[in-house]
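Keeping their order, the protein sequence lines are chains A and B. Just so we're aligned, residue 0 is where the first sequence starts under numbering that gives the first Met the number 0, counting upward by one. Just so we're aligned, residue 0 is where the second sequence starts under numbering that gives the first Met the number 0, counting upward by one.
Keep in mind that the hints were calculated from the coordinates and are not lab data. Some hints could be false.
As the list claims (entries may be wrong) - Distance ranges between label pairs, derived from CB positions: (1) B:D220 with A:A1: 55 to 61 Å; (2) A:I134 with B:G263: 43 to 49 Å; (3) A:S32 with B:S305: 50 to 56 Å; (4) A:K11 with B:L232: 33 to 39 Å; (5) A:V98 with B:G263: 31 to 37 Å; (6) A:V98 with B:E234: 40 to 46 Å.
To be verified - With a straight-line cut-off of 25 Å between C-alpha atoms, the simulated PhoX-like cross-links for lysine-lysine are: (7) B:K203 with B:K111; (8) A:K11 with B:K279; (9) A:K7 with B:K279; (10) B:K192 with B:K203; (11) B:K97 with B:K111; (12) B:K279 with A:K66; (13) A:K66 with B:K287.
To be verified - Over 12 Å on every C-beta distance to chain B, these chain A residues come out as not near it, computed from the model: (14) N9; (15) I115; (16) E132.
Built from N, CA and C at the ideal position, the CB exists for glycine as well.
Spelled out from the first residue to the last, the chains are:
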Amino acid sequence: MAKLIVLKVNNKFIGIPSKEVMEIVEVQDVHQSPFSFPFIVGTTFWRGAILTIVSMSYFLGDLEESKSSVYVRLAKFDNLLLEVDSVERIIDYNELKIVERKEEGIYTGLYPSQDIFISILNVSNFCALLEEETISVIRYGRAGR
Amino acid sequence: MNMKSKLALAFILAVFIPIVIGIFMDLLSTFPLFWNNLLRVFIGLLVAALFAIVVSQLLTKNLKQLAKVSEEVAEGNLSGEVKVESSDEVGVLANSLKVMIKNLRDIVGQVKSSTTLITNATMSLSTSTSEVLAAASEVAANVQNTAKGTEIQAQTVEKSLSLSHNISTSSATIAEKSKETEEAAKDADANVKDGSKSAYEAHKAMGDILKNVEETATQVDTFKVHSLEINSLVEAIAMVSHQTHILALNATIEAARAGEAGRGFAVVAEEVRRLAENTKDLAEQISKLALEISKKTEDVAKYMDSTKVSAKNGQEKVEAVVSAFDTIRESTSSTRSAVVLISDEANTLATIASQLLGAMEEIQEIATENAAGSEEVSAATEEITASMEEINKEAQSLLEESNILKGLIEKFKL
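Bound conformation, chain B alone:
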């Protein structure tokens, strides 16, 4: 109800109420005075009260609406609207309240938006710091491993340096020994040549020996045959002797039978018998000798066969030796060439080993520096990790505060 409506209402009441009161007074004049007066006082109070109520209602209605909106604002509800259209002080207050609510709405909306952004940013920050912290921990662990690895590397490099020293020394020794070996191979080559020449000569000599042995074996075989022939002849002589002996016995018997006339014949027969016995003895001796010779000849033949086999084996062995010497000569020549190569390579190896030693010394210095640097990096990483932990803690606190703020802002209704 605007002001004009209110004034119209007040005018109507001012006009209508005295009329109603006049009418009512006329009516009251019919009552006794006491009651007439009392009733007039009562009606007057009633009219005054109604009037006061109406006026007060007209005057406080806008204020009540403003109060209601203010209460809503106080509770955080900024969605309420001020519906007071008035140009008096209440209207000014209502306008001001409207502007204030609008400004508050803008501010709270902006704060809410910002709070959301901050919360999101804080969450991202917290997540990022956690990730960074995890990464920093891994980096720290890796850096520690790297530091340990660097330390082991430094120790290994030290060992390698020691080994390089040994290699260098050994390479120098090898080079020296290779030189000596080269000289020895040269001597061996010369000796092998001499040996090969001797082996060839031995082979030739063994061939001659074998030839002579074969010739001797042939002669021994002939001798054996002759020996057998002698034995046969001796057996024949023994047979003749035996028969002569029998003949002599028979002659003696005949002489004895002839009596005195056969005495001379008996003497002759006896002599013949003796000769036969002597011949028999000699034949037996010759036979024994021939047998002995035959046995010896057989033995000699066996020895000759054995010698022949041995000579043949010897010739084969010498042939093998000659062949071996040829092989050895080739091998020695190859060995000598190889030893020369080895000597050259050993010299190169000694030079390389010396260079390797220098390089290893440099590597050792670098490894030492790396070890020190790794230790520093490890310490710095630990510090970074500690800082990241602090940041993470702060981000967590910030997130918590942001959430609180968000909760507060959420109370406002736009």
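For reference, chain A alone in the conformation it holds in the complex:
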């Protein structure tokens, strides 16, 4: 049975299907990059690879700097780590229960679990958004948001 990894970012519950996640990483040594992209927290060295840490809270509309050390390494983009506040739990996941489903945007829909609704992250759209933001910064010298 599929699993949904429930994260917490800026007091919001974000869900990522387990098939989209390579692993949960916790690192202490984050090297910040001055004059870098505003959504880039820094880089870290993990199991022989240099990974870029992206702030999820940036894309959720919160510009406050996070002090978390828990990151989610995506399966498709394994050179990226998404910075989250915490990994809350891993629950059983049934795609048919997703409500308010939509194809565009970074969210697939809402998934009810117990007494809360979890926003299901559309990893492909999120990464596309990330690429757009990167290009925008490169082209126009500033983020598109």
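Chain A is fixed; fit chain B onto it per the hints.
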């Protein structure tokens, strides 16, 4: 002119005058009778008158001189001299007058001398009486002052007697209280000795307490270090638990990715995750407890430090108390000796006060007698002053009389 001269003169006149008359008669015989007779009568009367005048002059000359001297004597002039040398009655009178004048001169001279002496003596007497009167007045004033002083002395002595009564009573009370104080000092000395012994024991006990407190502080410090070590270990456990939790999450993710084949592994991973969470919870609880223990240990350490300071202060205080007790013991001993001396002195003072009381009573009697005597002396002095005033008055009168007498005597010329 002595008698012989007078007789010679009378003889000459008796001889010469008839001759002159004879000659003149012969001359007259040439005149008529009437005129001759008339002229003879006239010449006879003239001769008789001349004769009478000459004789009377011869007879009254000495008497006149005597009268003149007598008049001078009558006027007080005793310096005149009687120059009549005659052996007749006038000469006898002149001699008598001469003797009288001489005697008067002697008497008046003596009286004058005496009057001068009397005047001088009276003046001296008056001066002396005035001085004596002034002195008597001063004496009277002094005697009055003395009488007042004696009265004040008597009153003062009475007050002193009252005070002496009080002193005597107080001295007896002091002697009694001194005895009681001596007993109290004795008890205080014994109590101070007990207190000093207790203070020494307290000092020793405080030393033990301080030692124990220091030992406990050392143990608490060790405990604090252990507590910190526990905290560190708990943090390490929490870290391991956290990592185990992450590992369990990753295992779950891997199991999910494995699909049906990973179902068993997923169960194990879930159990591991739960264990990790439980461990994390326990570690957090232990951490909280360790933190609490650490805080409490710090508090205990602070209390121990405070207790250590207090114990040290207490030890110093007890040391001060011991020292104070030593001082107090010395002072009490000195006080006790002093109180014994005071008691003896108080007894002596009571005896002296009793004797003083007797002496003051005697002084009071004497002062009373003195007061009465002073009053009598004052009265006698007043009488003396009055008598001296009378004497002075009499001396003044005498001086005045003496001056009058002197004035009278001064009229005589010697």
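Unmet hints by their number, sorted upward, for this structure: Violated hint (a single one): 7; every other hint is consistent with the structure.
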